[in-house]
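Construct the complete structure from the given sequences, taking the supplied hints into account.
One-letter residues, chain by chain:
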Amino acid sequence: MSVGIRGDVFAEFVRQHTRSLFSTAFLLTGSRERAEDLLQETLTALYPQWHRVEAADQPLSYVRRALTNRFLNSRRSAGREVIAWDVPESWDGVDVAERVAASRTVWQLLGELAERQRAAVVLRYFHDLSDEEIAQDIGCRRGTARSLISRGLAAMRASLDDRTADRPDLGAQR
Amino acid sequence: MTNEHDLETSVREALQQVSKLTPATPDLAERLIANASSGRTAVVPLRLARRFTIPLLAAAACIVVIVAVVLGGEFAADRSVDPPAVIQPTPTVASPTGGPSSAAASAAHSTSASSTSNGSAQTEGQGASPVRQLPPATGAPDGFRAAAVNFMDSKTGWALGDAQCATGTKTSCPALIRTEDGGASWHRLTIPDGLSSATVGCGAAPCVDRVTFADERIGYLWGRTSMLVTTDGGASWKPISVSRALFDVSVVGDRTVRVHLDDEGTGNSAPSMTVDSGPIGSTAFTAMTIAAAGRPLAYESVTPAGRTAVYATGFDSSSKDTSPDPQIFRTTDGIRWEPILVGERCPKGSVGARDGSLIFDCIDYLRVLTAGSKSLGPPRPVTVAKGLTQRVELAQSATEIAVVAEGSDDLGRTVSSWYRTVDGGVSWRPPVKFPDAFPIQQSVVTTAGGLFGISTDKAALQFSLDGGATWQSRPF
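Top to bottom, those sequences are chains V and W. Residues in the first sequence are numbered consecutively from 332, following this note's numbering. Residues in the second sequence are numbered consecutively from -14, following this note's numbering.
One or more hints might be untrue.
Said to hold, decoys possible - Just the calculated beta-carbon pair ranges, DEER-fashion:
id : chain 1 : residue 1 : chain 2 : residue 2 : range
1  : W       : Thr271    : V       : Val340    : 51 to 59 Å
2  : W       : Ser360    : V       : Ala489    : 27 to 35 Å
3  : W       : Thr154    : V       : Ala489    : 31 to 39 Å
4  : W       : Thr154    : V       : Glu385    : 24 to 32 Å
These aren't lab readings, by the way, just hints derived from the structure by calculation. Remember, it's a predicted structure, so these values are computed and weren't measured experimentally. Ideal placement from N, C-alpha and C gives every residue a C-beta, glycine not left out.
Below, the structure written as structure tokens:
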């Protein structure tokens, strides 16, 4: 803990970027508690060498990359488990707005994706990262990153088709 | 969500909405700061921490004082025979983040040498970097930073990048340089005016950021939307039409194979990839398609394997099964795809070997499809240090394969190691450990007798002439 850490710089970074990093963590984990723990684990691991983060071209990207990798590694070591996928509270009631309904469905579909597909989709559609950046973040090749996104969306499309077949009322959301 | 494009839009909207509807709690930042600085790895609400931790600490302090008072005499008497200080064991790697670059791993770590299966010594310690710094090369233009390198063998290679447009200026211009002595000296080749900066990013077209040479005369400069060919060793260049985003250019047999990807806007349409090929040096290309049971398949991946084969995996885009095992095709002439087998779906895809084999990277294990074979080898476990994330970095052949493993140690320092097998994964040599992230920016270029890459700051050529046991870094 004493490798030149400048606590004020660390604190300033965390205060400035907690919102963004928490969003990423929540979109990856689908749970407020898991998102907070993932973010905590990431920052705790990076804290002793924070000057490395400062030296990075884009410190926020550096931390997000560490966070994504930690998510993928932890999911891998934990094996596949059924997790509760939080739905934002304001979506729990009867919401008649079509866009919100569509988003609610998409959010649920996202939770059904494999972790790596979900990470790739979040990095592309929430952070607008390029194939190369996504590949770097999740530790794969460009083609694999592209494939993860494509297959993730295809899976969501297929799942949506199945839901529509089972519940014609969902068709209105499409 | 009435069409394919709308799904992407809906995903964007959903992610934004969820993000807005689930904000971080107001005190999260302060909790993260407090917990990180105390080494806690789970979020502890501050109020709870204060409620329980402070009284517990106070109670513990009282107990320590009481014990010290009661036993103080004994401790004082024992001080004269205190044993020598014990050196604490160095931390083990157990807490992965797979983080990006860096973190000097441990000067505290010991350095030791071990004998490998072929008797060569490898550095295993974290304290000593296996990367040896060499004097700067001669002949490269001022300020040269590489975007890509391509080597034919351990001596002859090309580097495409940026350099100062004129001495003393800060403006960067694309530059192509060639070496015939393994990077010790370079000379600049002429490339057409008007190209965009390669390493800064492709703004205005035409922009090139990759270089692929088929031989000493015929080569390509290419980027997402542009492609140029030379047939006279770089003395002159001709543009080649690129109608779809260019993703990869490789040479197989006497043909050049191009892989294209759709633009971002159609990312979720299943057949997002196309392949075409043409004679080496030609500007004309013909589409290559894959099919199974008479039905055209969509490309899922295309992987060059040296200059002797290119592999493709395909899937039926009309199928409802979104994760079917991939149908694997191989071409050795760059004209016709031959169906090989139905392979295993591996999360990290596959890596082509120089001898035309294909290595499937299934994270914890790998499987080898040997050149010319139509059957997949058995799973071979890839065992790296606990907590590291590994990827197959390159393959010289079906038997000679290297894996890079990266992660963080207990103190959050980034560490990386190079694992190598020479028997197709049956056994693995002791890792070469880097006191940092793996120092090469992009995939390593393999040649006969050499491995080449670019340093993370793009300012040096990193190479190994012993299969990765030791590395050298020479600034351009």
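Going through the hints against the structure:
1. W:Thr271 / V:Val340: 51 to 59 Å: This hint holds: roughly 57 Å between Cβ atoms.
2. W:Ser360 / V:Ala489: 27 to 35 Å: With a Cβ separation near 31 Å, Ser360 (chain W) and Ala489 (chain V) satisfy 27 to 35 Å, so the hint holds.
3. W:Thr154 / V:Ala489: 31 to 39 Å: violated (55 Å)
4. W:Thr154 / V:Glu385: 24 to 32 Å: The hint (24 to 32 Å, Cβ to Cβ) holds, given that Thr154 (chain W) and Glu385 (chain V) are roughly 30 Å apart.
Hint 3 alone, counting from the list given before, is not met by this structure.
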